[in-house]
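**Q** Sequence:
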Amino acid sequence: MSKLSLLLSILLAMTVKTDEISSWVPKILTWNIYAFPQLPFPEWFLRTLPLSNLTKSYSFKERTEAIGNHELLQGADIIVFSEMFNDGVYELIKGKLKDTHPHSSPILMSKRRNRALKFTITNGGSVIFSKCRILTIQQFAFKKACGSDKYASKGFFIAEIDAPQRTLIVSTHLQATDDGCNPGQSAQIRKEQLTYIYQVLSLRASSDDIKLAFLVGDLNVNYGSAEYIDSVERFDTVKTNIKSFDTKHNGIALRRVPESPVEHLDYIIPFKGVNNYVNEALNVTYNGSNGKVKDYSDHYPLLGYLPENI
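Just so you know, the sequence shown maps onto residues -18 to -1, 1 to 292 in mature numbering (1 follows the signal peptide of the UniProt record, and there is no 0).
There may be inaccurate statements among the hints.
[Said to hold, decoys possible] Cβ pair distances, simulated, as ranges:
#, residue 1, residue 2, range
1, 166, 125, 16 to 24 angstroms
2, 76, 271, 22 to 30 angstroms
3, 162, 5, 46 to 54 angstroms
4, 275, 208, 31 to 39 angstroms
5, 118, 269, 20 to 28 angstroms
Hints are computed from structural coordinates only; laboratory data are not their basis.
Virtual Cβ for every residue (Gly too), placed ideally from N, Cα, C.
Construct the entire structure; sequences and hints are all you get.
**A** See below:
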């Protein structure tokens, strides 16, 4: 082979490599897994707490073990969990993902000194797992809450991931709609939370080093609603299919809040560098130890991807 031919071969290989890098877009999985802390109190006392409905386990140990074993986790480049309020569940799933997703955040607001609200019972519940190295991660606390959310230390992570295209991930779980809130209060708090996220993400994503950016998690805003158009679409729009919170067909959601509407609340929204990103909610179940088909959580997992990469 002549020197010219060798040089052309090297340049061609470099071009292919560059094209692969510039077209890389992560498959992202987000899942609200409904893993609340197992409080060391008798059942009669737990029923008196403001969060009494959240202390019901719904086969807690079996569910979380099954979630950690699900093949969906292995296929995602980045995983964002919501409502991972339980330290034991975090360690269990971290152990199951140690070979495929060795890089992870702690649980959001796991240290009480970082919390903005004084009387919280739980941490923030948001966690990131990644196949690629997490370069930096910052956490931000929400300073307002109403209803049951006053007892949860919600906020958001912003993580910079050393992927083929440098990627920012914001993981969060916004204010829930709650009977303990005044009319319109929960939506107003969510709007303020999204404004806070937008300001931080806009600043961080403006760097030329950042090629991709995503907002990921349970936003508690129904897809296509007036609130969605007003507060969420400024990040970007996504295509989605079935509802991620299904009180008609999901057994846990039906038993927990049968009066609540069927809604799409979970999102993987591209903020920079991606068009036509699809959000696909997946109605998955497992066979329980009692032989019955069971739901993993009251929310379905949501997979985000580019159709051409599947």
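**Q** Hint by hint, note whether the structure agrees.
**A** Right, here's what the structure says about each hint:
{"no.": "1", "hint": "166 <-> 125: 16 to 24 angstroms", "result": "holds (19 angstroms)"}
{"no.": "2", "hint": "76 <-> 271: 22 to 30 angstroms", "result": "holds (24 angstroms)"}
{"no.": "3", "hint": "162 <-> 5: 46 to 54 angstroms", "result": "holds (47 angstroms)"}
{"no.": "4", "hint": "275 <-> 208: 31 to 39 angstroms", "result": "holds (36 angstroms)"}
{"no.": "5", "hint": "118 <-> 269: 20 to 28 angstroms", "result": "violated (41 angstroms)"}
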